[in-house]
Structure formats: C-alpha cells, structure tokens
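The hints should help you fit chain R onto chain C, whose structure is shown.
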Amino acid sequence: GEDVEQSLFLSVREGDSSVINCTYTDSSSTYLYWYKQEPGAGLQLLTYIFSNMDMKQDQRLTVLLNKKDKHLSLRIADTQTGDSAIYFCAVPIMAGNTGKLIFGQGTTLQVKP
Amino acid sequence: ETGVTQTPRHLVMGMTNKKSLKCEQHLGHNAMYWYKQSAKKPLELMFVYNFKEQTENNSVPSRFSPECPNSSHLFLHLHTLQPEDSALYLCASSQEPSGRRTSTDTQYFGPGTRLTVL
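Residue numbers (our numbering), protein chains in the order written: chain C, 1 to 113; chain R, 1001 to 1118.
Excised from the complex, chain R in its bound form:
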C-alpha cells in the first residue's frame, strides 16, 4: 500500500540517542495511528490522532513522543529508549477513527520501521 509511507525503514540506535520516525499518508485521511509490533506479542496500539488532535494514548512511556503537525504527517520522537523497545513500528491511517458506527474505518498501513535499540 503506497498510500502510507514510513521513513526510515530500518533504524539502529543507542539508548542515549534521540531519533524520529516519520509517517506520511497520501490518502486524504483524517485519522492516523502508531502501532508497535514485537515478536510474540499482539499488535499494540500506541497513539491515535484525529484531525491532528491526540485522542488515544495507550499508556505509552514518555520516552515515546508523538507529533502530528497536520492530517498527512505523523512523527514518533524517540529518546532514551531501552532494548525492549526494539520492534517494528507501524503507522496507519483511516478516513475516520475506527469503531464509529456510521463510517468506514478501514486502516491502511505503512511498511513499518524496524527499530533496534542497542
């Protein structure tokens, strides 16, 4: 699905580094999401933004800081991460936030950023 792009595709960082993940959607959607996918764990929703406003923070540690400057762009700022934060970080977007009874809420995913924390 080329409608949602993520950069970088791979990132290796030390625990003291600061880095950012970028997501861009070209679908005209209003809602954007960050997910974490670890080995042997279900896909974990981290953050939800709707019209640039954060509507969900799923008890994510403060070392992960999201930013949504507009409906097309979503960032995840990383600092002082731990090795257990190594995972695939997936971005998704949908026309409207998922779960509403009156709208399609299909989420389209980017290819992900494979993050390794040393």
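In isolation and in its complexed conformation, chain C is listed as follows:
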C-alpha cells in the first residue's frame, strides 16, 4: 500500500540550514506538498512542487524531488526560531476513481537560539 515516511525530529541552531526528508512509495503525477503545523493550529500549506520538476525555490525554501528514488526534501535556509513547527510532506495518490493525499508522520523542527 501507499506509504510516506519522514524522520520524526530535527534540531538545528538559528541561522543554520534545515533539511527535512521524505520518502514515498507511490504518487499520482500531480503536485507534492509540504505543510507546516504550528502548536494548536491546523496545517498551513508551505510550498509544493509539480512532479515533472526537480527543484523549486521559494525565498528561503528549496524543494528537491528525486522521482527515481521517490525522495522529496525541504530545505530551509537561515532557519529562524519562528520556523519551529511540525512539517508534513503529502503525496497524492489515486485509488480507483478516488484521489487522496497521504501524509507523512511529520517532522518536528526545533530551532535553538
């Protein structure tokens, strides 16, 4: 079945780069997503990449996609304390006529001053 895996925890110092990794077993040929969840809040769409791209840069965020290895990563440059949150990758899959997003377990990013 479909599966999306992430490491559970990452700790970095303020100003360093953070890299959050995600592997998946299957996806539809659409977009792959990164969501951010701050304490007590819902999931906020952070960025996404179309499946025919290798890389997308959006200010401090860089998304890398390796379709061959089914590996997605999110790099945050110059990490700030406000970046502390849980980050989820999400991969769309089709099952019959129904599509859905499969989420990873989430990576808790801790940014130390």
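Everything labelled a hint here was simulated from the structure, so no lab data went into it.
Keep in mind the model is a prediction, meaning the values are calculated, not measured.
Wrong hints could be hidden among the right ones.
[Stated by the list, open to error] Across the chosen pairs, the derived CB separations fall in these ranges:
(1) R:Gln1054 / C:Gly15: 47 to 53 angstroms
(2) R:Glu1044 / C:Ala41: 14 to 20 angstroms
(3) R:Gln1082 / C:Thr25: 30 to 36 angstroms
(4) C:Asp54 / R:Arg1063: 43 to 49 angstroms
(5) R:Lys1018 / C:Glu38: 30 to 36 angstroms
(6) C:Glu38 / R:Asn1057: 27 to 33 angstroms
(7) C:Gln110 / R:Thr1005: 27 to 33 angstroms
[Said to hold, decoys possible] Subject to a maximum C-alpha distance of 25 angstroms in a straight line, what follows is the list of computed DSS-like cross-link-like pairs (lysine-lysine):
(8) R:Lys1018 / C:Lys36
(9) R:Lys1019 / C:Lys36
(10) R:Lys1040 / C:Lys112
(11) C:Lys68 / R:Lys1022
(12) C:Lys70 / R:Lys1041
Built from N, CA and C at the ideal position, the CB exists for glycine as well.
The following block gives chain R in isolation, referenced to the frame of chain C:
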C-alpha cells in the same frame, strides 16, 4: 488560512453526549475532507466529499456521521464516542479531489477542533 473555518475550536464531551463539528470554506472549492490527528499517529483521512457526494469513507466507525448539505459546509456528527476518539479533527477543502492528473488538488486546512472525550 482563514478560507476554511471550524467551530468549535475546543470541545469536551462525555461518552453519552451528542455533538457536531462544523466546517465552512469560503474558497469556492468542490471537495471537502475530514481528518483525525492523534498523538503519535499519522494524519488519518476519515471522509471525502466531492460536490456534496461522499466519495470516501476510510473505515470510520459509525459513531462518526458526516453531513455535507452543500459544497461550502461540512459537518461531523458525534455520538457515543470513546476516550480514544480524543484528537484534533481537521477539515480541509480543495478545488478538485486530490490525486487527479489534470487538476491542482491543493488542500487548504482549517484550524481544527480539539476534541476531548471523557
């Protein structure tokens, strides 16, 4: 994301109570979703509605009953819940259902309802 609102934000209920969670989206989307987020578990998809029709029921117990009267509103009716049902319940919407090859399927989430079952 203020495009999707959920009420109440917090709910405490006993196992014999009946309550309802409400979700409203102001984005003109056609698909709506209920998710359950428990501690130490991945986000679990519960129900999917597309143009008010339920297209996915992910083996959810019957004590959870969804209702989608129109494309903008989604309810989750709760009755005789168990303590293990305590979780954050998240609503989301997208223009089209996720996974289709020809459309963007970006899901936008509400802030969630924190449910505690005593």
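Hint compliance check: list the failing hint numbers for this structure, sorted ascending. Of the numbered hints, 8, 9, 11 do not hold.
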